[in-house]
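*Asks:* Protein chains in written order, with our numbering: chain A, 113 to 541; chain B, 113 to 541.
Don't take every hint at face value.
Simulated coverage check for chain A against chain B, where a stretch passes if three residues somewhere in it have a Cβ under 8 Å from a Cβ of chain B [said to hold, decoys possible]: (1) 121–131; (2) 389–395; (3) 413–425.
With beta-carbon atoms standing in for the labels, derived distance ranges [claimed, not checked]: (4) Asp-294(A) with Leu-358(B): 22 to 32 Å; (5) Arg-167(B) with Gly-447(A): 54 to 64 Å; (6) Pro-456(B) with Leu-163(A): 26 to 36 Å; (7) Asp-458(A) with Gly-374(B): 53 to 63 Å; (8) Gln-518(A) with Arg-534(B): 38 to 48 Å; (9) His-341(A) with Leu-358(B): 41 to 51 Å; (10) Ser-118(B) with Glu-230(A): 23 to 33 Å; (11) Ile-175(B) with Val-169(A): 56 to 66 Å; (12) Gln-518(B) with Ser-493(A): 47 to 57 Å; (13) Glu-502(A) with Arg-492(B): 44 to 54 Å; (14) Pro-456(B) with Asp-308(A): 53 to 63 Å; (15) Gly-372(B) with Gln-518(A): 55 to 65 Å; (16) Asp-406(B) with Glu-230(A): 32 to 42 Å.
These are calculated hints, taken from the structure and not from any lab test. Quick caveat: nothing in here was measured; it's all calculated off a predicted structure. A virtual CB, placed ideally from N, CA and C, is assigned to each residue, including glycine.
2 protein chains.
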Amino acid sequence: MHEETSVVRVGVLGCGNVGAALVTLLADQAASIEARSGLRLELARVAVRNLAKSRSVQLAEGILTHDAQGVVDDPDIDVVVELVGGIEPARSLVLDALKSGKPVVTANKELVANVGAELFAAADAAGVDLLFEAAVAGAIPVVRPLRESLAGTPIRRITGIVNGTTNYILSRMSEQGATYADALAEAQSLGYAERDPTADVEGFDAGAKVAILATIAFGTSVVAGDVSHEGISGVTPADIAFAHRLGYEVKLLAVAEHGGDGRVAVRVHPAMVPRGHPLASVRGSFNAVFIEADTLGELMLYGRGAGGLPTASAVLGDVVDAAGNRRRGTYASIGAMPRAVIRPIDEVSSEYCLHLEVLDRPGVLHAVSGVFAEHGVSIRSMEQEGLGDEARLIFITHEAAEASVQATLASLRGLDVVDRVRSVIRVVA
Amino acid sequence: MHEETSVVRVGVLGCGNVGAALVTLLADQAASIEARSGLRLELARVAVRNLAKSRSVQLAEGILTHDAQGVVDDPDIDVVVELVGGIEPARSLVLDALKSGKPVVTANKELVANVGAELFAAADAAGVDLLFEAAVAGAIPVVRPLRESLAGTPIRRITGIVNGTTNYILSRMSEQGATYADALAEAQSLGYAERDPTADVEGFDAGAKVAILATIAFGTSVVAGDVSHEGISGVTPADIAFAHRLGYEVKLLAVAEHGGDGRVAVRVHPAMVPRGHPLASVRGSFNAVFIEADTLGELMLYGRGAGGLPTASAVLGDVVDAAGNRRRGTYASIGAMPRAVIRPIDEVSSEYCLHLEVLDRPGVLHAVSGVFAEHGVSIRSMEQEGLGDEARLIFITHEAAEASVQATLASLRGLDVVDRVRSVIRVVA
């Protein structure tokens with residue numbers, strides 16, 4: 113049996129895509145949430161920038177306001193939901209809400225990935241919840257499992273497909289043989305990609321998410337600026353056709369690794385993923401987070417990473433949780449955490465696939481393989497494709513440090529017999 | 113910052129595979145758990161049936177005992193972990209522990225799937241935790257996401273691959289073309305299957321798990337006895353080859369559906385799963401739980417469903433959680449729940465694939481299709497394979513109720529032109 117019903121007044125900052133879906137969800141699910149938890153969630157205020165803008169949702173008189181700070185300061189508001197996006201004024205609003213003892217739910221990955229440590233400390237000092245399940249991988253429960261179910265499990269590596277736009281583009285290139293430009297244009301026409309797609313295609317969005325994942329998985333503060341980026345705009349249909357021939361799919365991966373030395377490596381880059389790997393079958397705009405830990409083996413969480421309703425659904429889950437904790441007088445502490453020591457990308461190891469256009473003459477392989485040896489990069493497999501002007505050598509290396517591979521590439525480019533380094537892409541073993 | 117360190121004395125009932133791994137994990141991770149949570153977990157007592165048995169783990173003097181009831185009654189024990197298995201004496205021990213105000217963590221699916229409602233009520237009455245993440249799908253966090261992240265999200269259907277033994281057998285049949293008997297023998301030799309494999313291959317193990325999933329997903333009590341079963345012992349290499357040709361894999365699925373009428377359907381059966389579906393790529397002894405909800409779309413949780421260490425890891429997560437809740441004076445309530453109204457399997461609808469051996473003569477299709485029409489089963493596709501003595505008709509139906517399909521089969525078997533119904537298998541759309 114539940115305690116008697118307690119009314120929880122929710123203030124929402126921002127009413128875009130996710131906010132509008134949240135308003136609808138709250139109305140639809142309030143009764144079942146109350147039946148289940150004894151919490152009566154009431155939408156108290158919704159702060160928007162432009163009061164005059166027409167909206168897809170109907171709001172009762174007096175709910176809509178221009179005054180976000182007023183919502184944060186309102187003593188009648190019990191829980192604040194931040195859907196403004198960006199760092200300021202979101203940061204100040206969230207800090208003020210926490211300081212006044214209000215639990216905060218946010219879907220703002222930029223905010224958490226840049227000033228998360230400050231916000232966690234403020235939440236802890238005030239003894240209230242700061243929940244952000246929706247900031248990473250939308251509707252997929254990943255933040256909470258990492259904070260709770262997997263707390264104390266030493267996690268070795270997290271590999272995520274956490275950007276739906278790029279996964280959609282790469283899926284179209286893989287399934288339809290589309291060029292990058294055509295697949296991007298299609299994603300834009302469907303609303304999966306922004307007019308300016310930089311944040312997605314260059315890996316910044318995925319980078320913010322992997323910083324958050326690394327922070328909660330390893331218990332040390334990792335910020336967006338720690339993440340090395342390589343986007344997908346250089347991926348060609350030839351790269352994908354070649355990957356297919358070897359039994360791989362090309363995916364944009366966000367990787368966080370915890371080294372034996374305590375340092376953390378965080379990076380976003382395209383990679384060849386073997387077809388049998390669970391991440392290879394994550395298609396279209398779906399997301400997935402693949403977790404490796406010694407004690408529990410491999411774990412993957414898969415689902416809708418974006419979209420108004422799925423994201424709002426994750427936000428609502430956090431609101432119910434924060435409201436329940438508030439009633440019980442408790443909260444989910446993240447606690448103070450040290451700044452992570454970041455392993456520079458130069459020292460990060462991976463397997464690589466290198467695709468070289470070479471002259472078709474005796475001794476080429478000898479010259480090229482000498483360059484690999486000189487830089488200590490060991491070759492796992494090699495094959496020649498084409499003849500004459502079309503001659504190409506394709507190498508897959510054993511695990512090698514980024515710096516050694518870059519040095520190898522520089523030397524290869526200086527070799528007479530190498531016309532061009534056509535592509536370099538990491539390989540998931 | 114955490115509150116000052118609090119010591120939590122853990123009593124473990126049972127020291128088999130999972131218990132031994134838990135003892136090791138506790139020793140290995142105690143320091144990091146304390147650093148992270150301020151909880152110092154101490155292994156206080158381990159109750160076993162046979163004190164003389166040699167064990168893979170070393171236990172300090174005085175830890176091992178024959179007296180499980182004594183562990184439950186010991187006022188110095190703070191949290192009880194039940195790894196005895198089966199219903200009695202596990203049920204009595206768990207009830208006694210709860211009644212004396214001790215939180216209980218269990219990995220016992222049989223217990224929760226049969227007398228869960230009684231245990232939930234006892235936990236609620238005592239105001240303590242009863243946690244059972246490890247009872248379903250081992251290391252995969254699925255119970256907690258359903259209890260917390262997805263609480264309040266109306267879930268339409270859960271489709272699980274929750275038995276590693278059968279998934280291993282079907283994977284071998286699919287990948288190596290092995291017969292059922294050979295794949296089973298191999299699974300037995302590797303320790304993936306018991307000497308008496310009935311509980312796994314006939315779907316009872318998966319049935320207990322899906323009863324638990326249905327209970328927590330739909331908030332109504334579903335017991336193991338509510339689940340309809342069909343195992344994999346009848347699946348032939350021909351079924352699998354045929355499924356492959358149409359672009360499907362054959363999987364043993366555990367399905368829980370919540371109908372619009374409030375009734376719940378729970379069943380375990382083999383099914384053809386389209387290759388593009390995320391469940392199709394769950395191979396070997398891995399498990400996965402696929403969740404469909406209107407608001408958040410599709411979600412899949414994938415990982416190790418069994419094994420000592422992964423299961424112990426899930427148990428330890430629950431122990432940390434229970435200990436933390438105990439310190440904060442709170443607990444995760446499931447609450448009293450009504451008994452589910454079960455939809456009889458006869459009324460459950462699905463798509464079906466029917467494989468008939470027929471006489472190769474004019475009018476056969478006419479006669480056969482007449483039988484389908486008579487029972488209101490609509491045909492989505494049909495193809496003929498082979499000629500003469502080898503003639504076969506393969507039908508895939510639109511969604512049809514089990515009862516109608518069974519009536520169709522009975523009529524088909526009475527038809528002169530039908531030699532034999534070779535196989536009937538459900539199809540995931």
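*Asks:* Indicate whether the distance between the beta carbons of Arg-167(B) and Gly-447(A) respects the range 54 to 64 Å.
*Replies:* violated (36 Å)
*Asks:* Mind checking the hinted window 41 to 51 Å against the Cβ distance between His-341(A) and Leu-358(B)?
*Replies:* holds (42 Å)
*Asks:* Given a hint of 47 to 57 Å, does the C-beta separation of Gln-518(B) and Ser-493(A) actually sit inside it?
*Replies:* Holds: the Cβ-Cβ distance is about 54 Å, inside 47 to 57 Å.
*Asks:* Are Asp-406(B) and Glu-230(A) spaced within 32 to 42 Å by their CB atoms?
*Replies:* Taking Cβ atoms as reference, Asp-406(B) and Glu-230(A) lie about 37 Å apart, which means the hint holds.
*Asks:* Check the following: the C-beta atoms of Ile-175(B) and Val-169(A) are separated by a distance inside 56 to 66 Å.
*Replies:* holds (60 Å)
*Asks:* Does the beta carbon distance between Pro-456(B) and Leu-163(A) stay inside 26 to 36 Å, or does it fall outside?
*Replies:* Since the Cβ atoms of Pro-456(B) and Leu-163(A) sit about 55 Å apart, the hinted range of 26 to 36 Å is violated.
*Asks:* Tell me if the beta carbons of Ser-118(B) and Glu-230(A) are separated by a distance inside 23 to 33 Å.
*Replies:* holds (28 Å)
*Asks:* Taking the beta carbons of Asp-458(A) and Gly-374(B), is their distance inside 53 to 63 Å?
*Replies:* Since the Cβ atoms of Asp-458(A) and Gly-374(B) sit about 60 Å apart, the hinted range of 53 to 63 Å holds.
*Asks:* Can you confirm whether chain B covers the stretch 121–131 of chain A, using C-beta to C-beta distances below 8 Å and requiring at least three such residues?
*Replies:* It is violated, with 0 qualifying residues against the three required.
*Asks:* Per the hint of 55 to 65 Å, is the separation of the Cβ atoms of Gly-372(B) and Gln-518(A) within bounds?
*Replies:* With a Cβ separation near 59 Å, Gly-372(B) and Gln-518(A) satisfy 55 to 65 Å, so the hint holds.
*Asks:* Taking 38 to 48 Å as the stated bounds, is the beta-carbon spacing between Gln-518(A) and Arg-534(B) within them?
*Replies:* Once the Cβ atoms are compared, 60 Å apart, the range 38 to 48 Å for Arg-534(B) and Gln-518(A) is violated.
*Asks:* Do the beta carbons of Pro-456(B) and Asp-308(A) sit within 53 to 63 Å of each other?
*Replies:* holds (56 Å)
Taken one by one, the earlier hints fail for this structure at numbers 1, 5, 6, 8, listed in ascending order.
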